[in-house]
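Student: Single-letter residue listing:
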Amino acid sequence: MNAILTIAGKEISDGMRNRWVLGATLLLAGLAFALTFLGSAPTGELGVKPLAVVVVSLASLTIFLMPLIALLISYDAIVGEVERGCMLLLLTYPVTRRQILLGKFIGHVAILAIATLIGYGGAGVAMAFGDKGDAQSWQAFATLIASSILLGAAFVALAYWISASVRERGTAAGISIGLWLAFVVIYDVLLMGLLVASKGWISDQVFPWLLLANPADVYRLLNLTAFDNVRQFSGMAGLSEQAHFAPLALIAALLFWIGVPLALANWKFARSES
Amino acid sequence: MNAIGKIVPPDLEADGTGAVAIAARGLGRHYGAHRAVDGLDFTLDAGTTLALIGHNGAGKTTLMKLILGLIRPTVGSLKVLGVEPAHAALEHRRQIGFLPENVAFHDELTGKQTLRFYAKLKRAPRKQCSELLERVGLAFAAHRRVKTYSKGMRQRLGLAQALLGEPRLLLLDEPTTGLDPASRAEFFQIMHELSDRGATVIISSHILTELEAKTDLVAIMNTGHLAAFGPLDMLRRQADLPVRITVATPDGPAAVLAAVGGLVQRAVAGEDARSLQLYVHVEDKLETLAKLTALGDAVADLDIARPGLDEIYRHFSPDAAKAAGDEA
Chain A
1 MNAILTIAGK
11 EISDGMRNRW
21 VLGATLLLAG
31 LAFALTFLGS
41 APTGELGVKP
51 LAVVVVSLAS
61 LTIFLMPLIA
71 LLISYDAIVG
81 EVERGCMLLL
91 LTYPVTRRQI
101 LLGKFIGHVA
111 ILAIATLIGY
121 GGAGVAMAFG
131 DKGDAQSWQA
141 FATLIASSIL
151 LGAAFVALAY
161 WISASVRERG
171 TAAGISIGLW
181 LAFVVIYDVL
191 LMGLLVASKG
201 WISDQVFPWL
211 LLANPADVYR
221 LLNLTAFDNV
231 RQFSGMAGLS
241 EQAHFAPLAL
251 IAALLFWIGV
261 PLALANWKFA
271 RSES
Chain B
1 MNAIGKIVPP
11 DLEADGTGAV
21 AIAARGLGRH
31 YGAHRAVDGL
41 DFTLDAGTTL
51 ALIGHNGAGK
61 TTLMKLILGL
71 IRPTVGSLKV
81 LGVEPAHAAL
91 EHRRQIGFLP
101 ENVAFHDELT
111 GKQTLRFYAK
121 LKRAPRKQCS
131 ELLERVGLAF
141 AAHRRVKTYS
151 KGMRQRLGLA
161 QALLGEPRLL
171 LLDEPTTGLD
181 PASRAEFFQI
191 MHELSDRGAT
201 VIISSHILTE
211 LEAKTDLVAI
221 MNTGHLAAFG
231 PLDMLRRQAD
241 LPVRITVATP
251 DGPAAVLAAV
261 GGLVQRAVAG
271 EDARSLQLYV
281 HVEDKLETLA
291 KLTALGDAVA
301 DLDIARPGLD
311 EIYRHFSPDA
321 AKAAGDEA
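Quick mapping for you: the protein sequence lines, in order, are chains A and B.
So that you can map any letter, position 267 of the first sequence is 267 in my numbering, and since no number is skipped, the others follow by simple counting.
So that you can map any letter, position 262 of the second sequence is 262 in my numbering, and since no number is skipped, the others follow by simple counting.
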């Protein structure tokens, strides 16, 4: 356990020093503040709940950004260290490969958590001073922060799986970008095309499960359909009737998307010799 | 190729508390048809220093990885400090220090932070970090980031890291590449201190001359095999290489050749015919010298060279010698 924390601590201090933490925090904070204050202006007069609108906009942006940040900080976690020669030395220390992987995972997720908590949390505090929003919206906002960290963790785990499976850093970078495009951009377009082309026969039984097959869509469902007052603004009201999963089931799906790639990364890493 | 060096029978009963640090028996690591390491039999007593010599690709690093337990033998057996390294408990690794070839660290951390990280993993006392930085001559740069370090400074940090926790076995893979002569001397000084305290040290190199007389034993590896193993003097005797006597001959070589021609194995005249190199069997050395000195003015000066590690290496590893010579 001590070895895991030592490695996690080093990963965090590495992140602090090479400005990943700072960069990600500023990016997320900038977005959150921009959406908070731009978002309230046009809707405030209509008497809707601005916080719910902020949650919808933030969630939509997080789907693009969080996987990208997560992949960027972690794609070379294993192959990069093997290439530079750090891993060879580390493996001669009294530490197992699993401890190295878990330590790095905790460290990288902590970096994402710090950035999200400060970035989004800061915007939340600013909104609280304006005293807008009801209990349910705040619950949705808290869910947004927690699930954003989980989404990041899922992509960190996926990046480790890639990083443990390839021999060169460049390959890991390429596959990571491809993975981001596939899950965040292409998947939904393909799914939509499929729905249109199938003229309805695919819908009711299969469609919800196809959404679960993509961590970004799980996150989308969780944040845009789980809370009534958010759902109104999300344009997902129709979708949520088809794909009705309990929030806990969606969180379980995200945890699945963290656990399975991490287990695969561990398996790949254990099999490799360096 | 000459006979393989005398091999000490491996003591497989070694229990780690006794005097044997490493025992290899028929040890091999094959990658398909490629035999990176093959048929190694040797025993290394605790407290000895071993120079592991061979060209790149001779199997030095593979052998080190086997000893470290990073890879498993595909044939034969290996015991390190009494246990099989690939199956040893994690605790076993606390007794071993390793300096890899081209050691790499995280550039953003300072030297001190880097050492603290490794000390925590090895559960070495925290105060050792400052002591070790002092010892390898890096105290002045302890709070500078590693990315500002020169190659030599990184190598020193690598050594400091390997010394954490006072290891019983120290493996140094090409540790002196990139070091200036003064640093090299300090390096060997530290190695000897450790050895005096009972640690076993294995140091690999393809630069042969720098290791001469620095270690108790020499192992010469060639294409995965152990071509020779033993004290340098023993290898010198086994190789049975001639002594080289260089004679300054102001009057030309004829008189000298006439006097000692029957004793020398080979004679090479210098380009200006004012010097002569004589290759003489060790047993004929004194007689030859006596005859040379009796020649009076025909011999102005003479110089005797015993075969060095370079020549011995070339002898045991004829195909590889050229490649190594090019790199050195």
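The hints are simulated quantities; they were obtained by calculation from the structure and are not laboratory data.
Hints should not be assumed to be uniformly reliable.
[To be verified] Listed next, the in silico EDC-like pairs over lysine to aspartate or glutamate satisfying Cα-Cα at most 16 Å (straight line):
(1) B:K112 <-> A:D228
(2) B:K127 <-> B:D180
(3) B:K291 <-> B:D301
(4) B:K285 <-> B:D240
(5) B:K214 <-> B:D196
(6) B:K147 <-> A:D14
[What the hints assert, rightly or not] One-sided and incomplete, this derived list gives chain B residues near chain A with beta-carbon spacing under 8 Å:
(7) H87
(8) E91
(9) R93
(10) R94
(11) I96
(12) F98
(13) A104
(14) L121
(15) Y149
(16) K151
(17) Y279
Since we're looking at a predicted model, the values are computed, not measured.
Backbone N, C-alpha and C fix where the C-beta goes; we use that ideal spot for every residue, glycine too.
Student: Run through the hints listed earlier and report the numbers of any the structure violates, in increasing order.
Tutor: 1, 2, 7, 15, 16 and 17
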